Amino acid sequence: MGDDKSSILQGTLDLMVLKTLEQMGPLHGYGIARRLEQISEDVLTVNQGTLYLCLVRLVQKRWVAASWGTSENNRKAKFYALTRAGRAQLRSEAAHWHRIASVIERVLAPAGGGNPA
Amino acid sequence: MSSWLDSWRVLSARLAGHLRRRQLDSELEEELAAHLALAEDEYVRRGRTPEEAKRLARVDLGGLAQLQEASREAHGLPWLDAAWLEMRLAFRTLRRSWGLTLVGGFAMTVAIAIGGGAFNVIHAVMGATLPLDEGERVVALMAWGARQDRRQGVAPADLDRWRETLRLVEDVGGFRDRELPAKTGPALAGAPGHPVRVAEITASGFDLARVAPLVGRSIQRDDERPGAPAVVVIGHDAWRGRFFSDPRILERTLWLGDTEHQVVGVMPAGFAFPLDYSFWTPLKTSIGPAAAGDRVTGILSFGRLRDGVRLKAAQAELAAAGLTRGLYPASDEPPVPRMTSYPLAFVRAERGVALGIVLLLAGLLLLPPCANVAILVHARTVARQEEISLRYVLGASRGRIVAQLLAEVLALALGAAILAVAIIRLVGRYVQETLLAGNRLPFWIDFQGLPLPTLALTLALALLAAAIAGVGPALRATGDLAQAGLKSLGRGTGPRLGRTWTALVVAQIAFAVAVLPSAASMAWGALRPGILGRDFVAEDYLVAKVVPNAVDSGFARSRREFLRNLRSQPGIGPVALSRTAPGRESWGVVALLPLTSRASAPAAAPQDALPSRVALDSNAVNDTFFETYPIRGLAGRGFEAADFEAGEENRAVLVSRTLAVHLAAEAGAAGDLGRVLGRRLRYLNTAAGPSPENGPVFEIVGVVSDLPDNLDARILYHPLSADSSDEATLSVRLAGAKDGAAPRLWASAEPFSAALRLSDLRTLEDVYTENERDDNLSAYALAAATTSVLLLSAAGIHALMSFTIHRKRREIGIRSALGARPQRLLLDVSRQALVQVGLGALLGGSVAMALAYWIPVDELGGRSVPGLIPAAALLLMGVGLLAAIGPARRALRVEPTEALREG
Numbered sequence: 016m017g018d019d020k021s022s023i024l025q026g027t028l029d030l031m032v033l034k035t036l037e038q039m040g041p042l043h044g045y046g047i048a049r050r051l052e053q054i055s056e057d058v059l060t061v062n063q064g065t066l067y068l069c070l071v072r073l074v075q076k077r078w079v080a081a082s083w084g085t086s087e088n089n090r091k092a093k094f095y096a097l098t099r100a101g102r103a104q105l106r107s108e109a110a111h112w113h114r115i116a117s118v119i120e121r122v123l124a125p126a127g128g129g130n131p132a
Numbered sequence: 002m003s004s005w006l007d008s009w010r011v012l013s014a015r016l017a018g019h020l021r022r023r024q025l026d027s028e029l030e031e032e033l034a035a036h037l038a039l040a041e042d043e044y045v046r047r048g049r050t051p052e053e054a055k056r057l058a059r060v061d062l063g064g065l066a067q068l069q070e071a072s073r074e075a076h077g078l079p080w081l082d083a084a085w086l087e088m089r090l091a092f093r094t095l096r097r098s099w100g101l102t103l104v105g106g107f108a109m110t111v112a113i114a115i116g117g118g119a120f121n122v123i124h125a126v127m128g129a130t131l132p133l134d135e136g137e138r139v140v141a142l143m144a145w146g147a148r149q150d151r152r153q154g155v156a157p158a159d160l161d162r163w164r165e166t167l168r169l170v171e172d173v174g175g176f177r178d179r180e181l182p183a184k185t186g187p188a189l190a191g192a193p194g195h196p197v198r199v200a201e202i203t204a205s206g207f208d209l210a211r212v213a214p215l216v217g218r219s220i221q222r223d224d225e226r227p228g229a230p231a232v233v234v235i236g237h238d239a240w241r242g243r244f245f246s247d248p249r250i251l252e253r254t255l256w257l258g259d260t261e262h263q264v265v266g267v268m269p270a271g272f273a274f275p276l277d278y279s280f281w282t283p284l285k286t287s288i289g290p291a292a293a294g295d296r297v298t299g300i301l302s303f304g305r306l307r308d309g310v311r312l313k314a315a316q317a318e319l320a321a322a323g324l325t326r327g328l329y330p331a332s333d334e335p336p337v338p339r340m341t342s343y344p345l346a347f348v349r350a351e352r353g354v355a356l357g358i359v360l361l362l363a364g365l366l367l368l369p370p371c372a373n374v375a376i377l378v379h380a381r382t383v384a385r386q387e388e389i390s391l392r393y394v395l396g397a398s399r400g401r402i403v404a405q406l407l408a409e410v411l412a413l414a415l416g417a418a419i420l421a422v423a424i425i426r427l428v429g430r431y432v433q434e435t436l437l438a439g440n441r442l443p444f445w446i447d448f449q450g451l452p453l454p455t456l457a458l459t460l461a462l463a464l465l466a467a468a469i470a471g472v473g474p475a476l477r478a479t480g481d482l483a484q485a486g487l488k489s490l491g492r493g494t495g496p497r498l499g500r501t502w503t504a505l506v507v508a509q510i511a512f513a514v515a516v517l518p519s520a521a522s523m524a525w526g527a528l529r530p531g532i533l534g535r536d537f538v539a540e541d542y543l544v545a546k547v548v549p550n551a552v553d554s555g556f557a558r559s560r561r562e563f564l565r566n567l568r569s570q571p572g573i574g575p576v577a578l579s580r581t582a583p584g585r586e587s588w589g590v591v592a593l594l595p596l597t598s599r600a601s602a603p604a605a606a607p608q609d610a611l612p613s614r615v616a617l618d619s620n621a622v623n624d625t626f627f628e629t630y631p632i633r634g635l636a637g638r639g640f641e642a643a644d645f646e647a648g649e650e651n652r653a654v655l656v657s658r659t660l661a662v663h664l665a666a667e668a669g670a671a672g673d674l675g676r677v678l679g680r681r682l683r684y685l686n687t688a689a690g691p692s693p694e695n696g697p698v699f700e701i702v703g704v705v706s707d708l709p710d711n712l713d714a715r716i717l718y719h720p721l722s723a724d725s726s727d728e729a730t731l732s733v734r735l736a737g738a739k740d741g742a743a744p745r746l747w748a749s750a751e752p753f754s755a756a757l758r759l760s761d762l763r764t765l766e767d768v769y770t771e772n773e774r775d776d777n778l779s780a781y782a783l784a785a786a787t788t789s790v791l792l793l794s795a796a797g798i799h800a801l802m803s804f805t806i807h808r809k810r811r812e813i814g815i816r817s818a819l820g821a822r823p824q825r826l827l828l829d830v831s832r833q834a835l836v837q838v839g840l841g842a843l844l845g846g847s848v849a850m851a852l853a854y855w856i857p858v859d860e861l862g863g864r865s866v867p868g869l870i871p872a873a874a875l876l877l878m879g880v881g882l883l884a885a886i887g888p889a890r891r892a893l894r895v896e897p898t899e900a901l902r903e904g
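Chains A and B, in that order, give the protein sequences. Residue 84 in this note's numbering is what sits at position 69 of the first sequence, and the numbering runs on without skipping anything. Residue 242 in this note's numbering is what sits at position 241 of the second sequence, and the numbering runs on without skipping anything.
Just so you know, these hints were derived from the structure itself, not from any lab. If you're wondering where the values come from, they're calculated on a predicted model, not measured in any experiment.
Here are the simulated SDA-like pairs of lysine to any residue, each with C-alpha atoms no more than 25 Å apart in a straight line:
#1 A:K91 to B:R22
#2 B:K313 to B:V126
#3 A:K91 to B:S27
#4 A:K91 to B:A17
Selected chain A positions facing chain B (Cβ under 8 Å, derived; list incomplete):
#5 G44
#6 L68
#7 R77
Ideal Cβ positions, reconstructed from N, Cα and C, are used throughout, including at glycine.
My request is simple: use the sequences and hints to build the entire structure.
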C-alpha cells in the first residue's frame with residue numbers, strides 16, 4: 016500500500032490547500048492535512064511538515080490569513096482562512112490546472128488509453 | 002495578481018518575519034504542539050495506546066528541529082543572517098590577527114585613497130556640470146588653433162555673426178578676462194588701486210545663467226552699444242568687502258583702470274559666472290566701422306543648447322557658420338570653430354583619456370599591495386588549515402568556506418575604503434582651503450565634495466582589492482589544502498607555504514628595494530628646498546605675465562618701451578623677461594649628440610647608436626635675466642648680443658649647474674663642468690609633444706649656477722629675443738620698500754594698455770611656495786605608499802619566518818633535546834627565510850640598477866649618490882631581520898618535550 020502512494024506534484028500543494036480552505040472554511044494545519052488525506056483516499060502522501068511551509072508561503076503572499084482560535088479538543092490552534100486575493104488566485108490556478116490536465120490527457124489518450132496514475 | 006506584487010509581498014513579509022524571528026519561532030512551536038495533540042487524540046480514538054499515538058503523530062509530522070529550521074528560513078531572510086554571521090566571524094578573525102589587519106589595511110587604504118583621490122580630482126575638473134539651471138546644456142564656442150592644439154580668442158565680428166545666425170544655440174555671448182586696478186571713489190583717484198579680475202561680458206551671459214541680481218539689474222544689451230555709459234555689476238563679496246554692504250550701492254561708482262563705472266547691480270552670493278568673477282562690465286563687440294582695426298582679443302564664447310538639441314547637431318551648425326579668415330593672426334594656420342560642454346573648454350586633456358588613465362592607474366596601484374595582502378592572507382590560511390579541514394569534514398561546503406575567507410578580506414577592504422573616503426575628503430578640503438587658497442577656481446569646481454561616482458569607484462576598488470587579495474588564497478585553501486589538511490589532522494606535520502607564495506615574497510622584497518631609492522630621491526627633492534631654505538630672498542622679486550592685449554598692435558615695441566619706462570622708476574631694480582617665471586619652466590627631453598657629428602645630422606654619425614635621453618626644464622631669457630637674478634657664470638660664457646639674433650646655424654644655450662653635472666656624467670666626464678661646453682643637443686620631446694627628427698640643434702656655450710643654489714633643477718636657458726611677440730614673464734627686483742610695489746607696477750603698465758596688460762602678478766616667493774606645497778603633497782603620498790611597501794615586506798618576511806618555525810617545531814625540539822647550540826639552530830631554521838630576503842634584495846637591486854638608465858634612481862636631489870641602491874637593499878634586509886626576531890625568539894623557546902609530544 017505504502018509503495019502505491021504518490022508524492023504530490025511539485026507546486027500543486029498550494030492549489031490543494033487553497034481549494035480545501037474554500038470548501039471547508041477556516042481550518043487549522045492538522046485539519047487541512049487530514050482533509051487532504053481523506054480526499055485523496057490515501058493515494059497521496061502529504062508530508063505534514065511540508066504543509067506548514069506551504070502555509071507560511073501562502074500567508075506571505077496574502078492568499079491566506081492566519082488567526083489563533085480554539086480547536087475541537089479545546090486547545091489553542093492557528094486557523095487559516097482564504098482571503099479574497101486567495102480566492103482569485105485559486106480560480107486562476109484551477110483554470111490553469113484544468114487546461115494543462117486536458118492537454119496531458121489528450122497527449123496520452125491515443126497511445127495508452129489507460130489512466131496515467 | 003501580478004507576480005511583482007507577490008514578490009514584493011513576500012519580501013516585505015520576510016523582512017517583517019526577520020525582525021520578529023523569536024515571536025514567530027514560539028508561535029510555530031505552539032502551533033506544532035497543537036498539531037501533535039490533535040493527531041494523538043485521533044490515533045487514540047482509532048484504538049492506539051497513548052504511547053503509540055504519540056510516536057505515530059511525531060512520525061507523521063516529521064523532524065521537529067528540521068521543520069523549525071526550514072520554517073525560519075521561509076519566514077525570514079536567511080542570506081542576510083548568513084552574511085551577517087560571515088561578517089561577524091570575519092571581524093573576529095581580523096581582530097585576532099591584528100598584525101595583518103593593520104599592515105594589509107594600511108596598504109589597501111593608501112592604494113584606494115590615491116586611486117579614488119585622483120579620480121575625484123579628475124571628476125571635479127572634467128566631469129562637473131555647471132551648478133546653474135540646466136547647466137549641462139551650457140556650451141563653449143571656441144576658435145581652435147589646430148597647430149597649437151589650443152583655444153584662441155574668438156574675433157568679435159565672428160561672435161556677432163554667431164549671435165545672429167546660430168539657431169540651435171540660444172543666449173550666445175562671450176566674455177574676456179581683464180585685470181584692472183580698482184578704486185572705490187574719486188577721493189582716491191590719484192592713488193593706484195588694487196588689481197581685480199573683471200569679466201567683460203555680453204548681456205546674454207546673465208540670461209544664460211538665469212540668476213537674478215540681488216540688487217538693481219544685470220548687464221543689458223543696451224550697455225554693449227558703443228558710447229553707452231560705463232557700468233559695472235558687482236558680486237556679493239565685493240559689495241560686502243568693498244562697499245560694506247552699502248544699501249545705496251546703486252548710487253556708488255567704481256574706478257576700473259582710468260574709467261569711472263556706475264554700479265548698476267549686485268549679484269547674489271556664490272554667483273561667479275563665467276569663471277570666478279566678482280566684477281562684470283559690458284563687452285562692447287559692436288565697435289563700429291571706425292574702430293574695425295582695433296581687434297579685441299581673448300574672447301571666449303558661450304551659449305545654451307536649445308531644448309531637445311543634441312551637441313552634435315549644434316556642432317555641425319557651428320562648423321557651417323565657420324570663422325572669418327583674416328580676423329586671426331596670419332602667422333598660424335587658420336583656427337577652426339569648436340564646441341564643447343562649457344567646463345571642458347578650460348581643460349586641455351580629453352576627458353575619456355584622462356579618466357581611462359586614472360582608472361587604469363588606480364587598478365594597477367592596487368595590484369602590489371593586494372598581492373602582498375594575498376600572501377599574508379594565504380600564510381594565515383595555511384596556519385588555519387586544520388580549522389578549515391575540520392569544517393570541511395563536518396560538512397561545510399567548499400563554497401561556504403570560500404565565502405568565509407573572502408568575507409574576511411572583504412571586511413578588510415571595506416574598512417580600508419571607508420578610511421580612504423575619509424582621507425580623500427580631508428585631502429580635498431586641504432587642497433581647496435590651503436593649497437588653492439588665493440587661487441580663484443572656476444565656480445563649478447569643488448574638490449571638497451564626494452560625488453556619487455567617487456564613492457562608487459572607491460567601493461569598486463575595495464571589491465577589486467578583495468578579489469585580488471582573497472580569491473587566490475581562498476581557492477587554494479579549499480582546494481588541495483583541504484586534502485592536505487585532512488592528512489595533517491592525523492599526522493600532525495605542518496603544511497608548506499608553497500613555491501608560488503615564496504616567489505611572491507621574494508618578488509615583494511625585490512619591488513621594495515627597487516622603488517625605495519626613487520621614492521627617497523623624489524621625497525628628498527620635494528622636501529629639500531623647504532628644509533634647507535633658499536640662498537636669496539624670493540620676496541624681493543615680483544613676477545607677472547605680460548600678455549598682448551590686441552593682435553598686431555605693436556606688442557613687442559610697447560613692451561620694450563614699458564620695460565625702459567619701468568627701469569627708470571624709483572624702487573625698481575633690474576628688470577628681466579623670460580618665457581616663464583623661475584620655478585615654472587616647461588619640461589622637455591633632449592638627446593646629447595656625439596662630438597663627431599658637429600656638422601651633420603645626428604643619425605649620420607656612425608657611433609651614434611642610442612643618444613642618451615635627458616629630462617630637463619627649459620626657459621628662454623632676455624639679456625638682463627642673469628643680472629636680475631643671483632645666477633653666476635661657472636664655466637664658458639654668457640649670452641652675447643649675437644645670440645639673441647641667432648639664425649638657424651648658431652643656437653647657443655646655457656645650462657644650469659645641476660644639468661651640467663648630469664650631462665658631464667652622461668658624456669663620461671663626471672664632475673668636469675667644462676667638458677659639457679661645445680656639446681650639442683637636440684630636443685626629442687617637449688611639453689607640447691615630440692620634436693621632429695630634424696629639429697634644431699643647440700650648442701652649450703656656458704654653465705651657470707642653480708637658482709636658488711640648493712634647488713637642483715636641470716635647466717636649459719635659451720636666448721629670448723626682445724622682438725618676440727609671444728607672451729612672456731616679467732621679473733622685477735625691488736630695490737626699496739616693497740609696500741605698494743605691486744600697485745605701482747600695475748600703474749606703470751596702464752599707459753601701454755592698448756597693446757599689453759599684466760596678469761598673475763605675485764612675488765617669486767609665492768611661486769616657490771606653491772611649487773613646494775604641490776611637491777609636499779606628492780611627497781606625503783609617496784611616503785605613505787613607500788611606508789606601506791616597507792611594512793608589507795616586513796609582514797611578508799615575518800609570516801615566512803613564522804611558518805618556517807611552525808613547520809620545524811618538531812625538528813627544533815629533537816635537535817634541542819640532542820643538545821644543539823641555539824645559535825646554530827636558529828641559523829638553520831631561518832636559512833630559508835634569509836635566502837629569500839637576500840634573493841629579493843639582489844633581484845630588486847638589479848631592477849633598480851636597470852631602471853637607473855631611464856630614471857635617476859641613484860640620485861638624491863640631482864646629485865648622484867653612489868651606493869644608494871645597495872643601501873636600500875641593506876635597509877630591506879635589516880627590516881627583514883627585525884621582522885624575523887619575533888618568530889626566532891619563539892623558536893628558541895620551543896620546549897623539546899612539548900614539541901616531541903605534539904609530533
